[in-house]
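Engineer: As a plain string of letters, each chain reads:
Number of protein chains: 2
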Amino acid sequence: MEIQPNLRHDSATPLYRQLYEEIAGRIRSGELENGERLPATRELAGQLGLNRTTVSAAYDLLETDGLISGQVGRGSFVTAHRPVAAGVDWAALLESGDTPAAFPSGSADREVISFSTSRPARDLFPLDDFRASCAAVMARRDLADILQLGSPSGYEPLRQYLLEGARRQGLAGSRDDLIITNGCQQALDLIGRVLLRPADAVGVEDPVYPGLKKLLAGMGARLVGIPLSAEGVDVPQLTRLLERQRLRCLIVTPNFQNPTGLTLSLPARQSLSEAARAAGVPVVENDAYGELRYWGEPLPAIKQLDAAGGTVLLRSFSKVSFPGLRVGWAVGPKALIARLRQAKEASDLHTDQLSQAVLLEFAVSGKLEAHRTRVLAAGTERLTAALEACGRLPAGTRWTRPEGGMNLWVRLPEPVDAAELLPRAREEGIAYLPGSYFSVSRLERGALRLSFAGPAPDQIRAGIEILGRIVADELENAARNREPAPAMV
Amino acid sequence: MEIQPNLRHDSATPLYRQLYEEIAGRIRSGELENGERLPATRELAGQLGLNRTTVSAAYDLLETDGLISGQVGRGSFVTAHRPVAAGVDWAALLESGDTPAAFPSGSADREVISFSTSRPARDLFPLDDFRASCAAVMARRDLADILQLGSPSGYEPLRQYLLEGARRQGLAGSRDDLIITNGCQQALDLIGRVLLRPADAVGVEDPVYPGLKKLLAGMGARLVGIPLSAEGVDVPQLTRLLERQRLRCLIVTPNFQNPTGLTLSLPARQSLSEAARAAGVPVVENDAYGELRYWGEPLPAIKQLDAAGGTVLLRSFSKVSFPGLRVGWAVGPKALIARLRQAKEASDLHTDQLSQAVLLEFAVSGKLEAHRTRVLAAGTERLTAALEACGRLPAGTRWTRPEGGMNLWVRLPEPVDAAELLPRAREEGIAYLPGSYFSVSRLERGALRLSFAGPAPDQIRAGIEILGRIVADELENAARNREPAPAMV
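If you read the protein sequences in the order shown, they are chains C and B.
Per my numbering, the first sequence starts with residue 1, numbered consecutively.
Per my numbering, the second sequence starts with residue 1, numbered consecutively.
What the hints contain is simulated information worked out from the structure, not anything from laboratory work.
Among the hints, a few may not be true.
[To be verified] Within a straight-line C-alpha distance of at most 27 Å, the following computed DSS-like cross-link-like pairs (lysine-lysine) qualify:
hint : chain 1 : residue 1 : chain 2 : residue 2
1    : B       : 334       : C       : 214
2    : B       : 214       : C       : 334
3    : B       : 214       : C       : 214
[As the list claims (entries may be wrong)] In silico negatives: residues of chain B with every beta carbon more than 12 Å from chain C:
hint : residue
4    : 267
5    : 321
6    : 352
Glycine is no exception: its CB is placed at the ideal position from the N, C-alpha and C atoms.
Extracted from the complex, chain C is given alone in its bound form (with noise of 0.2 Å):
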């Protein structure tokens, strides 16, 4: 018998857990039979290049489960009977998931000031503005066609609204459509579905938000990892893999990436659209923060860089509004929007209608140019806040500095885990992200993301203290114990 588990040692699921659930979904599959032997510990361990312990661990969860029986000098043995005629056997049906996601959650600790979460502060919904809207659709003539069933391409005058902007803004040309979408990750799994194949490679930023990890992992594909440089996307780097790799697309968020902040430069964003271009290969932008530039000059998307007619750009009202209204929309090659479309159909037929009228009222009504801007004063106030607030953590930190969006990403100095320090964190009242929700192929123990968005000013300088307090004492003590052990007397 072979096992030859997918083992992800970036992944939150500690080794022993990612093994015992491979084999528990062999057995369960019947792919393992009823009486077969497993491997012993340190055969297995060996061939996997694992501790030993790593694997008993995962045989003791089996045996825990009824699954695997173990026998003194004989080793294990698949134990486990296929359910016959008894019901529906969810556990075998779902098995191929994942565990639950383990993100830290505040909400029950309503004392944490909570860098976690990358959404905008909900004391600045302009509540007024937004009732105003949605009287303003109340009173329309046309709130029965709101009502009815739609079309999957979206709400038709919100939609022409939408391509009419992007034509002036030179980000749809004559061979371009654009579809609404429920936000940038409706957009991101419509095209996985018409795009990707299982085990397709995709080229994504490492690291990476959770929400794009989970997605594509869950569509079988394969996570290629681009390292960032300060620009974002390392280029040349892309370049050489792009020439040695065949990748089924490129997704990159060039303005304020999630998680570093990072925006990729003009002759950057240039240069990969030219290097995707020769490869062949499709560039997913996704650019849901790029309307949240607090300071520096603004930059043309790579869709309006590439006139092959190569890219698909998407956006959203989220980030920049409200997040609770699912609302984005997805600019690209007719081809490609004609088949979004499809899928958009069998997965939900069509986004809600209600929010899709309330938001066009609110942008052409002005009222979003306004709250951007307030949104841009607000953004501007707490990046400054968290920045300064760096430039006070233990020397040897390091972090990003974003012009805009809605995270940093800061980086530790050794020996500080992240992870290994979030316990004590939530304790003095911070939430973060560590690094390795976000991490593709490279781990960083030392990073975090810190998500300025949600806090207000004042909460961000103070938690970024506790911060900084916690790591200098992390590091005291890491001194501690690298000095050697007296003697025992």
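Chain C is fixed; fit chain B onto it per the hints.
Structural biologist: Here is chain B on its own, set in the frame of chain C:
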């Protein structure tokens, strides 16, 4: 070279076009290489059991596209050159897809009485009640929470309301949970994602609505059509099927099935549930129409009859209230719902919260129930009109007798082909969907779906009268053509 395309004889896409797409895809993907010889048309026609003209038509299209070239006496050869560094070849990347859905669209043609779409009448929408519900949401203290990023499980106040309702009705037990989705369609999509592996066999009613066929086909599932008796799913046949074949799951609509309008009797529900339990096959109970019963006794859901926890029930606000607002839900075993939650998060984070809040308000304020009363009265009137009008269709026509929902199934007498009749029907001012849109493996050429919820009763009567007239004409023509042709002189 072997070509064994998966041709669908019941598809709306002509066979020559399916064959063309199959071969074009293989050429574009490089599977068929430049210079490779295609089989002679006669040879391929023989292999595939097709007319030689069908194969010739496909080859003509391939030649037009520059993908093959024919040389007299030598056969046809692949001539396509794979694009080299010439940008993104979208046609090749998107090769696996269907041609765009060719639903007969009636939107441009305002005069047509449309029986094509299974959706409520626009003029029944209670706009003032809807406005009042919306205003109430605008006045809520938690409005900012509604606008903020939400939970993949759904807007919690609505989720609790629906879960309590499900518990009161015996639809949810202590081992069940509930997730909110973008209508029933997304619930089916999410279930497919967590349950189906490519080539899994899924049992569905035959005929079944195109949205489900497309969704499952897009996931690479193998559809196994279960014939319908006068009472919906033919349970004895299903039972034999379950003994013979391993189904991954079974998807049924026990109330007012789309397209037939048929309802599964109580004993049939019990037998179906028992047969599925015995086979260990999960049942997905799609109940989008259940609340639209115009007469007769309501029946318990399969979910209520299944104590063994093998059923997941799907419901929606869309059919009974506003289809433009995409809010449905799934109630089922906790293990399944937990996985659906993960799939939902990957797919689009969560369902739009504005509509969830408005529909909750619409429901708790009693407006939904008041609206349902009006919808039931209107549906009763429409279905009565439709059934009466069907009584005046030409002799030999058969039709189902639904007790609710939005659809009935008409079988025209032989040799009338409902698809062939459609262009004339549209000229005469009516539209419907022919049986081919719904068939899984049993094509009834004379069948068509009449969706009666949209048109007003007098339009229904007028429309079915037109149908009767053109069917009578067609029968007369057919009878004339059966007469032996006179000798050529």
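Engineer: Each hint: holds or not?
Structural biologist: Against the structure, the hints:
Using a Cα cut-off of 27 Å, the hinted pair residue 334 of chain B and residue 214 of chain C holds, with the two alpha carbons roughly 21 Å apart. The suggested pairing of residue 214 of chain B with residue 334 of chain C holds, with an alpha-carbon distance near 21 Å, which does not exceed 27 Å. Using a Cα cut-off of 27 Å, the hinted pair residue 214 of chain B and residue 214 of chain C holds, with the two alpha carbons roughly 25 Å apart. Against chain C, the non-interface label of residue 267 of chain B holds: every CB pair exceeds 12 Å, the least being about 20 Å.
Not every C-beta of chain C lies more than 12 Å from that of residue 321 of chain B, the closest at about 8 Å, which undercuts listing it as non-interface. Some Cβ of chain C comes within 12 Å of the Cβ of residue 352 of chain B; the nearest lies about 4 Å off, and the non-interface call is violated.
Consistency note: the structure conflicts with the earlier hints numbered 5, 6.
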